[in-house]
Structures are given as C-alpha cells and as structure tokens.
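Asks: If you use our numbering, the sequence shown corresponds to residues 11 to 439, in order.
Worth flagging that the hints you see were computed from the coordinates, not collected in a lab. Heads up, a few of these hints could be off.
Below are the BS3-like pairs computed for lysine-lysine, each with C-alpha atoms no more than 27 angstroms apart in a straight line [unchecked claim]:
(1) 431 - 421
(2) 431 - 398
(3) 398 - 348
(4) 392 - 434
(5) 431 - 327
(6) 93 - 287
(7) 398 - 327
(8) 348 - 401
(9) 281 - 327
(10) 421 - 398
DEER-style ranges, computed between Cβ atoms [as the list claims (entries may be wrong)]:
(11) 427 - 273: 32 to 38 angstroms
(12) 294 - 434: 34 to 40 angstroms
(13) 12 - 318: 45 to 51 angstroms
(14) 210 - 92: 29 to 35 angstroms
(15) 127 - 13: 21 to 27 angstroms
(16) 127 - 266: 38 to 44 angstroms
(17) 84 - 408: 19 to 25 angstroms
Quick caveat, the model's predicted, so the values are computed rather than measured. All C-beta atoms, glycine included, are put in the ideal place defined by N, C-alpha and C.
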Amino acid sequence: IIRELIPEAGNCERGHLTTSVYPYLKNLVYMGPEKHRGFYNAPELILLGSHTDDSVITEAQKQFNNNSPVNMQYTSGTTGFPKGVMLTHRNILNNGFYIGENERMTHEDRICLPVPFFHCFGCVLGVMAVLTHRATMVVVEEFDALMVLEAIHKERATAVYGVPTMFIAELNHPMFDEFDLTSLRTGIIAGAAVPPEVTRSAMEKMGMVEITNCYGLTETSPVFIQTRWDDNEDHKTTTIGRPHEPVEVRIVDPETGRICGPNEIGEICCKGYNVMKGYYKMEEATAAAIDADGFLHSGDLGSFDDDGYYRVTGRIKDMIIRGGENIYPLEIENFLLKMPGVLDAQVVGAPDERLGEIVVACIRQRPGFELTEQGVRDYTVKQMARFKVPKYVFFVDEFPETASKKVQKYKLREAAAELVKERKTVETA
11 IIRELIPEAG
21 NCERGHLTTS
31 VYPYLKNLVY
41 MGPEKHRGFY
51 NAPELILLGS
61 HTDDSVITEA
71 QKQFNNNSPV
81 NMQYTSGTTG
91 FPKGVMLTHR
101 NILNNGFYIG
111 ENERMTHEDR
121 ICLPVPFFHC
131 FGCVLGVMAV
141 LTHRATMVVV
151 EEFDALMVLE
161 AIHKERATAV
171 YGVPTMFIAE
181 LNHPMFDEFD
191 LTSLRTGIIA
201 GAAVPPEVTR
211 SAMEKMGMVE
221 ITNCYGLTET
231 SPVFIQTRWD
241 DNEDHKTTTI
251 GRPHEPVEVR
261 IVDPETGRIC
271 GPNEIGEICC
281 KGYNVMKGYY
291 KMEEATAAAI
301 DADGFLHSGD
311 LGSFDDDGYY
321 RVTGRIKDMI
331 IRGGENIYPL
341 EIENFLLKMP
351 GVLDAQVVGA
361 PDERLGEIVV
371 ACIRQRPGFE
381 LTEQGVRDYT
391 VKQMARFKVP
401 KYVFFVDEFP
411 ETASKKVQKY
421 KLREAAAELV
431 KERKTVETA
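Just need the whole structure built from these sequences, with the hints factored in.
Replies: Here is the structure:
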C-alpha cells in the first residue's frame, strides 16, 4: 500500500523521504525484522533510540501535555468517507481505564483480542484497558473464528472482544463444541448495533456472564456508555448501559434542539474528557460535530429509561421515512434475527416514487435452511405494523464491511437500490 501511495519511497535513503504529495513526511518504519529500501525496520528503530541522551527526551517532552494529540484514528467509513480524528493522551488513557473498570478487569485477566489495533476497539478498549489494569493480552493476528476459539481454549482467556459479526461466526462455527471456554468470564461486544440474541448466546453458550456492551464512536475516544459486569441480563441484552461517570450525556431532538426526557427518542450527545480534539484539518466538520456547549453530536438516535439505562434506536442517516412514517431499521433487524434460519440481517431504505422510501431486508441464511421472500414477510407481518414489513427481501452471502468488520450501510443501501430497480423492471415488463 505504501509503495502505491508513495512510489518515491523505494528511491530514497531512510530518514530522507522527499515527496510532493506528503511534504512533511520524512520517516517510514516497517514494523518487522525485514529490510525494505527507504524504511527503517523495527530493530533499527529501537537502536536509534538507544543513542539518544535523556536530556533530549526531557526537552522534547516539554513540547507536549496530556491534551496533545497522540493518536490519529480514522472513522470507519460505515456511513461515508473517513475523517481523521485527533485523540489526546487524556482521551485514550482515561477511556481505557473506565472501560476496564466496568469489566472488573484485574492483573489476573487474560484478554483475547481478535480486533484490529489500528482501530479504537483494539488500541483503546484493548491495549489501554489492559495496560491500566496490568492484565495480559492474548493477541489473535487477524480474525478467524477457529483461531479465536483455539486461543481462548489454549491460553485460558478470561475475556474476549468482538463486534457482533465476530461473535456470530464463533457461536456458529461447526467446531464450537470441541473447545473448552469455561475460563471466560467477561468481554466486550461492541462496534455496531448488538442484537439481544447474540449477547444472550455469548452469555449462555460461551460462559460470558459478565459480558459488557460498549457504545461510543471514534470521536469519543471511543466509549462513553457501557453496561457493567454486574448489570442484570435484561440490561446487558437490551440496553447499552449507563454513561461513564465523568461524562455528561443528553438526548436532543435533532429537529428543534430540545433536551429530551426519559423514553423520548432523540440524538445521543456527550460532553467530557473523552471528546476528540477535532477532525484533522477539517475545521468546518469539527464545528458541525461539536456544538457551542461542547457537546459532541453522535448522529445516533436513542433514549434513556427512568433508571438511566440507554438504548440505541439507529442512525439518523439510516432512518427510513415511508409515506411519512419513521421506521428504525434496528427494530426490524433484531426481530428478523429471531426467525429460524436467519444468521444475520440488515435493513435499509430504497427510493420509491410513491412512498418516498420502502423497507428492504438483506439476509444471510444459516446453512441448511432455504428461506423464501414471502416466508420472511409472513413472519414479520405477524408481529410488526404492516408499514414496517419489508417490501423486498434479498438473500446474500455477505455484507460489505470495513476492515474492522462493521457493516457499511451506505454501500448496502446503494446495492439494495439497484436490486430493487432491477426487480421493479422485471415486475413491470
């Protein structure tokens, strides 16, 4: 990838990169023992530091403080083009600590991490939580359900992390029953809307009775709402928990800006130590995300109950407006996951000349099942209002995903719109 982005890298000496595209970039490091022209490798990087006098380091440290950026995280691209999020030392160190506290993490825990370290899930929920609690990391180089199950079994992991699609793959692996997972106590399921059935299965089949559900976004370091290890099963499976103590959370009507009360749906907003420094070189986007009162607007719809537990309804951008009715895809997705034969489900809106939008369901089937479009519609119409029943159902082998295994809804909407267009053409032919 680097060779494609910076072809000059192969024609320069280490530490002396010259490129018009990235004029401030001078050093490239390959994190491994292999040598590549134009790059320092990992051993060489360590050797460079061994000759640096402590006074030089002390002087360099004076240029920074806990509010200095330490990490540039790019948003995952589930709704559009990624933006560079500047996170500070204060952001990620504190966030890792509070995440670990909600897991009851200690130095005796062994955390299985199949999530990527370039993503907040790996570098903050994983690395920073482990470092602040002196726990042990069990690193799985890349996600593979079998490799994760083997790692838990062999290393006696007490926790495992993953997005819902990872847990679905693990729970449905044909060799699942051959592994001893009794060492598991807790873990984190996050990164996307979590179906209650998936959390419940992790608790019952994997022994993760103290599992926690984390909610947040890259711009909030990332977690600011989380269930605790000692929350009851209902709260663990149907809510995202309560806000971390030092963070202020409010629900705001996205149309009027009015602060909502209990059980009213609005946009989830937060203010506190965890809010990003800003988007890299995108001042207008930063101002649009963080209001004058310092609250970051998540773009997610949700509510809180009388006990202070929050629930996510869906993304504002994902909401379907069919003939004037607001439809939240997450509600339909969670219902479809209860249908026998459904492995995973995503619901999106597709353009319609008469209604504005129509409901489209995209489904991955479990092996051995042969579901039909009418069967899915019949199942849905029994329990849901008729306007929420999918007009079209498409069966797919996989969903478009980011590198961190989040479903890219905007790509799914584009694909669904094309499929609906083709179907309508056939129907009117």
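Asks: Hint by hint, say whether it matches the structure.
Replies: Verification of the supplied hints:
With a CA separation close to 15 angstroms, the supplied pair residue 431 and residue 421 stays within the 27 angstroms bound. Taken as a hint, the residue 431 and residue 398 pair is honoured in the structure, with Cα atoms around 20 angstroms apart against an allowance of 27 angstroms. At most 27 angstroms may separate the alpha-carbon atoms for a hinted pair to count; residue 398 and residue 348 meet this at roughly 16 angstroms. Straight-line distance between C-alpha atoms of residue 392 and residue 434 comes to about 26 angstroms, which keeps the hinted pair within the 27 angstroms bound.
Between the alpha carbons of residue 431 and residue 327 the distance comes to roughly 21 angstroms, so the proposed pair stays at or under 27 angstroms and holds. A C-alpha spacing of about 13 angstroms is found between residue 93 and residue 287, which places the hinted pair at or below 27 angstroms, so the restraint holds. At roughly 17 angstroms between alpha-carbon atoms, residue 398 and residue 327 fall within 27 angstroms of each other, so this suggested pair holds. Distance check on the hinted pair: residue 348 and residue 401 sit about 19 angstroms apart at the alpha-carbon level, within 27 angstroms; holds.
Proposed proximity of residue 281 and residue 327 is supported: the alpha carbons are some 22 angstroms apart, at most 27 angstroms. Annotation: proposed proximity of residue 421 to residue 398 holds, straight-line Cα distance about 22 angstroms (limit 27 angstroms). Look at residue 427 against residue 273: about 34 angstroms separates their beta carbons, and that is inside 32 to 38 angstroms. Restraint check, residue 294 to residue 434: a C-beta distance of roughly 39 angstroms satisfies the suggested window 34 to 40 angstroms.
The beta-carbon spacing between residue 12 and residue 318, approximately 47 angstroms, falls within the hinted interval of 45 to 51 angstroms. The hint said 29 to 35 angstroms for the Cβ distance between residue 210 and residue 92, and at roughly 33 angstroms that hint holds. At roughly 22 angstroms, the beta-carbon separation of residue 127 and residue 13 lies within the given 21 to 27 angstroms, and the hint holds. Between residue 127 and residue 266 the Cβ separation comes to about 41 angstroms, which falls inside the hinted range of 38 to 44 angstroms.
For residue 84 paired with residue 408, a C-beta distance near 23 angstroms keeps the hint of 19 to 25 angstroms intact.
Hint compliance for this structure: no hint is broken.
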